[in-house]
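Asker: If you want the building blocks of each chain, they are given just below.
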Amino acid sequence: MSATVEAATEIRPFDVDIPDEALDDLRRRISATNWPEKETVADHSQGVPLELMQELARYWAAEYDWRRVEAQLHTLPQFMTEIDGLDIHFIHVRSPHEHALPLIVNHGWPGSIIEQLKLIDRLTNPTAHGGTANDAFDLVIPSMPGYGFSGKPTSTGWGPERMARAWAELMSRLGYTGYVAQGGDWGAFVVDQMGLQAPAGLLAIHTNYPGAVPVDVYEVLLGGGPAPSGLSAEEQRAYEQLDKTFKQKVAYAKYMAARPQTLYGIADSPVGLAAWLLDHDDGGGEPATAVVEALSRSRSATGELTRDEVLDNITLFWLTKTGVSASRLYWEYKGGFWDAKGVSIPVAVSVFPNEAYQAPRSWTERAYPNLIYFNEVDKGGHFAAWEQPQLFSEEVRAGFRSLR
Amino acid sequence: MTTIDTTTDIRPFTIAFSDEELDDLRRRIEMTRWPDKELVGDASQGVQVALLQEIARYWTDEYDWRKLEDKLNALPQYTTEIEGLGIHFIHVKSPHENALPLLITHGWPGSVIEMLEVIGPLSDPTAHGGDGEDAFDVVIPSLPGYGFSEAPTEVGWNAGRIAAAWAELMHRLGYTHYVAQGGDQGAGVTDALGRLAPGELLGVHFNLLSAAPRELLMASLNLRLAFSSEDREQLKKVLNVFMRGYIAEMGEHPQTVGYPFADSPIGLAAWMLDHDADSYAKISHAFLDGQVSGNLTREHVLDNITLYWLTNTATSAARLYWEGSRATAAALKDPPPHLTIPVGYTVFPDELFQAPRHWLKSAYHNLVYFNVAEKGGHFAAWEEPEIFAAEMRAGFASLRRKEGYS
Numbered sequence: 001m002s003a004t005v006e007a008a009t010e011i012r013p014f015d016v017d018i019p020d021e022a023l024d025d026l027r028r029r030i031s032a033t034n035w036p037e038k039e040t041v042a043d044h045s046q047g048v049p050l051e052l053m054q055e056l057a058r059y060w061a062a063e064y065d066w067r068r069v070e071a072q073l074h075t076l077p078q079f080m081t082e083i084d085g086l087d088i089h090f091i092h093v094r095s096p097h098e099h100a101l102p103l104i105v106n107h108g109w110p111g112s113i114i115e116q117l118k119l120i121d122r123l124t125n126p127t128a129h130g131g132t133a134n135d136a137f138d139l140v141i142p143s144m145p146g147y148g149f150s151g152k153p154t155s156t157g158w159g160p161e162r163m164a165r166a167w168a169e170l171m172s173r174l175g176y177t178g179y180v181a182q183g184g185d186w187g188a189f190v191v192d193q194m195g196l197q198a199p200a201g202l203l204a205i206h207t208n209y210p211g212a213v214p215v216d217v218y219e220v221l222l223g224g225g226p227a228p229s230g231l232s233a234e235e236q237r238a239y240e241q242l243d244k245t246f247k248q249k250v251a252y253a254k255y256m257a258a259r260p261q262t263l264y265g266i267a268d269s270p271v272g273l274a275a276w277l278l279d280h281d282d283g284g285g286e287p288a289t290a291v292v293e294a295l296s297r298s299r300s301a302t303g304e305l306t307r308d309e310v311l312d313n314i315t316l317f318w319l320t321k322t323g324v325s326a327s328r329l330y331w332e333y334k335g336g337f338w339d340a341k342g343v344s345i346p347v348a349v350s351v352f353p354n355e356a357y358q359a360p361r362s363w364t365e366r367a368y369p370n371l372i373y374f375n376e377v378d379k380g381g382h383f384a385a386w387e388q389p390q391l392f393s394e395e396v397r398a399g400f401r402s403l404r
Numbered sequence: 405m406t407t408i409d410t411t412t413d414i415r416p417f418t419i420a421f422s423d424e425e426l427d428d429l430r431r432r433i434e435m436t437r438w439p440d441k442e443l444v445g446d447a448s449q450g451v452q453v454a455l456l457q458e459i460a461r462y463w464t465d466e467y468d469w470r471k472l473e474d475k476l477n478a479l480p481q482y483t484t485e486i487e488g489l490g491i492h493f494i495h496v497k498s499p500h501e502n503a504l505p506l507l508i509t510h511g512w513p514g515s516v517i518e519m520l521e522v523i524g525p526l527s528d529p530t531a532h533g534g535d536g537e538d539a540f541d542v543v544i545p546s547l548p549g550y551g552f553s554e555a556p557t558e559v560g561w562n563a564g565r566i567a568a569a570w571a572e573l574m575h576r577l578g579y580t581h582y583v584a585q586g587g588d589q590g591a592g593v594t595d596a597l598g599r600l601a602p603g604e605l606l607g608v609h610f611n612l613l614s615a616a617p618r619e620l621l622m623a624s625l626n627l628r629l630a631f632s633s634e635d636r637e638q639l640k641k642v643l644n645v646f647m648r649g650y651i652a653e654m655g656e657h658p659q660t661v662g663y664p665f666a667d668s669p670i671g672l673a674a675w676m677l678d679h680d681a682d683s684y685a686k687i688s689h690a691f692l693d694g695q696v697s698g699n700l701t702r703e704h705v706l707d708n709i710t711l712y713w714l715t716n717t718a719t720s721a722a723r724l725y726w727e728g729s730r731a732t733a734a735a736l737k738d739p740p741p742h743l744t745i746p747v748g749y750t751v752f753p754d755e756l757f758q759a760p761r762h763w764l765k766s767a768y769h770n771l772v773y774f775n776v777a778e779k780g781g782h783f784a785a786w787e788e789p790e791i792f793a794a795e796m797r798a799g800f801a802s803l804r805r806k807e808g809y810s
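Keeping their order, the protein sequence lines are chains A and B. Reading the first sequence from the start, the letters are residues 1 to 404 in this note's numbering. Reading the second sequence from the start, the letters are residues 405 to 810 in this note's numbering.
Treat the hints as calculated values from the structure; they're not laboratory data. Be a bit skeptical, because a hint or two may be false.
[Claimed, not checked] Quick partial rundown of chain A residues pointing at chain B, CB under 8 Å, derived from the structure:
| hint | residue |
| --- | --- |
| 1 | 36 |
| 2 | 47 |
| 3 | 48 |
| 4 | 75 |
| 5 | 77 |
| 6 | 79 |
| 7 | 121 |
| 8 | 152 |
| 9 | 153 |
| 10 | 156 |
| 11 | 259 |
| 12 | 261 |
| 13 | 262 |
The C-beta atom is built at its ideal place from N, Cα and C for all residues, glycine as well.
Generate the whole structure from the sequences, applying the supplied hints.
Answerer: What follows is the structure, given as structure tokens:
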């Protein structure tokens, strides 16, 4: 009898093992793609352009090597544990340094643990990356339910609130009694919820996608009206960025919020999936400028995003068949997007210049009354950890420094 | 010197897809990689796996495209180049003299397939319970980017430009008087044609209110008007149409959704089936328990989806929403002229919303016909061709008399 009890909280080692057949099938499907005709514009205004997709597909089928990232994943300590009835996959790397601060980092959509891989050594082994032993973290990187190697929910209810509770359980199960949490995109929603739930052991959160818009301003924004009077120049700019985002950039999110199951095409077509996942904006454009630039970058000495990394993430979605299950997170969530949620525990915020909006300090201070860190950095966008891992790591170190 | 005037030439057209194309479609359906089942017991997350898997089975095992091809090839079909674009149309002249020429425009996710069963009742009423005085010559074009019409390769083919092309088409066919009808996107084109008001156009009929945004907004947001519970109920239905997300997505990034449509027959089918709750429920019954609603049979539903697949037009068709969102924004700044020619309107009880008569009168000052049909939904002509044909006869009867037809 005790065996069944243990099984529920057991932490099992996990390794990735994709059969050759799955990779052959993927390659075959990419090569057999039936294409639409070219867009009728010379820019990205009708979505991901045909030429970009065809070049990506050519590289994906002919040159891209999934086994390279799989080998990298093999070197990492990965685990699986059942929480709230669902298998949760996570990477767990302990720092060689004593007194490292435990940190759980939560990815977003259209992302996965792939976004966080370059953080691992920088955060757990800071002395090799310009930091000191006092900057060390023990790092936990889970795959959200329905994403990557985590289980796919078979019933409704797995929104950010439930994930936040699951992450608290995970950290507790790992024996951490004092830890911090970090997130961007959906990960930011989850860490905001962790902040609201304030589980025992959670010391603070860091977000690079803050819900900072004051509730009264957010209501005006939802109504699509002009900015309310009395905003500072910074606030006015943020308002206009979000107004544009709401009006012109989030149809994909509206669709997934309404009809995620209808996206059969992204389960069946690798190129269809790739286009759907690429169609996320940053402050520079849609698809995200950082991602488009990465598609012409074959390697990077400084950790900037490369074409292979973009395909690692897309290929992970394909191989784990999680295009639709990941979309369901939008359907599950019924709350606001950039409104202040009322988090009162300590919060650190980093503002990246090419994120969809730059949260003004004034709004951030109101949204997070216990703001322990606020910084505007000079490069990086929506996929900050992926794009600028060194800068991002420095932000996480600085953000949580006062808690050590 | 054989200088044929190809630009206004009207050429006969027939359809012939190769066996290879049909085999490829069947193979792709069979190789479909399916997502997991939805997490709910209804269609609230989208098209249900059980329905789509039955459609896939029927599509590969029983469905026969060649039957539709024969049906289309038995009709007089033509193409003609208008403004640089090859326009496909069906043109059936009535055996009755003084028949009233009628231009019918389909919508999304539709095609000329929606209109095939109304051709007989409209052009040959005596064979369908009407009399010769009800006869129409019928012109049914494929929208640019849809079916067998060519897809625009440049921006600007919005409802207004399509309407101008339709006026040219009717002119080219030699019609000096005609009427026009449309629902869905076809209502947008027909509305634009009404505002363009070519001298030959006697009147228009709609089965969906797609009037210029300013007038619809005024009609729906005017507090004095939007006071009744009926208004509130119908406004909620209008909002629900937009809440389904497909209009936003195709209006914003048609190219992005085009990739899964072009590459996955099942992906395409799902997107097209998920238009509205009523037609989804009816189609679901047709496939899962054999309860067919009118003419919305399994075969007819797949005729339309297969047409999109074989012509690879899902992306170009979606682009009409992108054009539409730009045109709407422009119309808000610079409103189009009023529509002053006579307007007929039929409310189908299962349509997306049932436009109250006063919304219509606010949008169209010259409303000459208004009726609530006994049954039928968004795809009215497709689902209930006899009722739809009867509405055309009744809706345009007054114009016929005025202009001395029959």
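Asker: Honestly, which of those hints from before does the structure not fit?
Answerer: Hints 4, 5, 6, 7 contradicted; others consistent.
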